[in-house]
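Engineer: For this one, chain Z is given, so just place chain E on it according to the hints.
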Amino acid sequence: QVTLKESGPGILQPSQTLSLTCTFSGFSLSTYGMGVGWIRQPSGKGLEWLANIWWDDDKYYNPSLKNRLTISKDTSNNQAFLKITNVDTADTATYYCARIVYGYNYFDYWGQGVMVTVSS
Amino acid sequence: DIQMTQSPASLSASLGETVTIECLASEDIYSNLAWYQQKPGKSPQLLIYDASSLQDGVPSRFSGSESGTQYSLEINSLQSEDAATYFCQQHHDYPYTFGAGTKLELK
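Protein chains in written order, with our numbering: chain Z, 1 to 120; chain E, 1 to 107.
No lab work stands behind these hints: they were computed from the structure.
Note that the Cβ used here is the ideal one computed from N, Cα and C, for glycine as well.
Be aware that one or more of the hints could be misleading.
[What the hints assert, rightly or not] Result set (BS3-like, lysine-lysine): computed pairs, CA atoms no more than 30 Å apart in a straight line: (1) Z/83 - Z/5; (2) Z/83 - E/107; (3) Z/73 - Z/45; (4) Z/59 - Z/83; (5) Z/83 - Z/66; (6) E/107 - E/42; (7) E/107 - Z/59; (8) Z/66 - E/42; (9) Z/59 - Z/73; (10) Z/45 - Z/66; (11) Z/5 - E/42; (12) Z/83 - Z/45; (13) Z/73 - E/42; (14) E/103 - Z/73; (15) Z/45 - Z/5; (16) Z/83 - Z/73; (17) E/39 - E/103; (18) Z/45 - Z/59; (19) Z/59 - E/42; (20) Z/5 - Z/59; (21) E/107 - Z/73; (22) E/42 - E/103; (23) E/39 - E/107; (24) Z/5 - Z/66; (25) Z/45 - E/39; (26) E/107 - Z/5; (27) Z/5 - Z/73; (28) E/103 - Z/5; (29) Z/5 - E/39.
[To be verified] Going by beta-carbon spacing under 7 Å, a handful of chain E positions derived as facing chain Z: (30) 30; (31) 34; (32) 101.
Only chain Z is shown next, with the shape it has when bound in the complex:
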């Protein structure tokens, strides 16, 4: 059974760095073809893909966020991480992590999401 769960700070101030953790079970990021993606959704709005990390440590980022994103993983603890630097109010959203399988590239299992508010 595949499950994912996001965790984060809840609230942070503009210019700070947002650190998110995705803890998962039912698959391993050391297994060929496995990947985790991060997607966010401002309240009442659409979905925005942010980044993917793959079993071989290959990483892809949404260029719209330029150099603010860093994705990483800890395979021994079944976790993936996302950092967003220099946040502002536009980064207020629910952040989801989701599993992705190489060659298929859609998100087949999603976490419940974690709400993040950027406010001074």
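Structural biologist: Same frame as chain Z, now just chain E:
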């Protein structure tokens, strides 16, 4: 970036009816399209992948099709639990992009 133009933004239908939601890709995405259902306060759930393949456990009243760069999600025999917002996503090329969503309301 590949743009996904989804329509309509909202629709209202009655139980038992059939509805169609569409996504137009700005370029060829070679059937690499997924459909997700999102209920209020919940995370998106995969319904359809590769334009027309039904995810395990998804009722057969959901179906996907394509014509060129136009992709459609059809829901037959609407049930009350189908009230949700539906999103398309192209998974052909980075950056992955989503449609803006269609909110389906049951009358």
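Engineer: State for each hint whether it applies.
Structural biologist: For each hint, the structure was consulted:
no.: 1; hint: Z/83 - Z/5; in the structure: holds, 16 Å
no.: 2; hint: Z/83 - E/107; in the structure: violated, 43 Å
no.: 3; hint: Z/73 - Z/45; in the structure: holds, 28 Å
no.: 4; hint: Z/59 - Z/83; in the structure: holds, 13 Å
no.: 5; hint: Z/83 - Z/66; in the structure: holds, 13 Å
no.: 6; hint: E/107 - E/42; in the structure: holds, 22 Å
no.: 7; hint: E/107 - Z/59; in the structure: violated, 44 Å
no.: 8; hint: Z/66 - E/42; in the structure: holds, 29 Å
no.: 9; hint: Z/59 - Z/73; in the structure: holds, 10 Å
no.: 10; hint: Z/45 - Z/66; in the structure: holds, 21 Å
no.: 11; hint: Z/5 - E/42; in the structure: holds, 13 Å
no.: 12; hint: Z/83 - Z/45; in the structure: holds, 22 Å
no.: 13; hint: Z/73 - E/42; in the structure: holds, 25 Å
no.: 14; hint: E/103 - Z/73; in the structure: violated, 35 Å
no.: 15; hint: Z/45 - Z/5; in the structure: holds, 21 Å
no.: 16; hint: Z/83 - Z/73; in the structure: holds, 11 Å
no.: 17; hint: E/39 - E/103; in the structure: holds, 10 Å
no.: 18; hint: Z/45 - Z/59; in the structure: holds, 26 Å
no.: 19; hint: Z/59 - E/42; in the structure: holds, 27 Å
no.: 20; hint: Z/5 - Z/59; in the structure: holds, 20 Å
no.: 21; hint: E/107 - Z/73; in the structure: violated, 45 Å
no.: 22; hint: E/42 - E/103; in the structure: holds, 14 Å
no.: 23; hint: E/39 - E/107; in the structure: holds, 16 Å
no.: 24; hint: Z/5 - Z/66; in the structure: holds, 26 Å
no.: 25; hint: Z/45 - E/39; in the structure: holds, 13 Å
no.: 26; hint: E/107 - Z/5; in the structure: violated, 34 Å
no.: 27; hint: Z/5 - Z/73; in the structure: holds, 14 Å
no.: 28; hint: E/103 - Z/5; in the structure: holds, 26 Å
no.: 29; hint: Z/5 - E/39; in the structure: holds, 18 Å
no.: 30; hint: 30; in the structure: violated, 11 Å
no.: 31; hint: 34; in the structure: holds, 4 Å
no.: 32; hint: 101; in the structure: holds, 5 Å
The structure is inconsistent with the numbered hints 2, 7, 14, 21, 26 and 30, although it conforms to all the rest.
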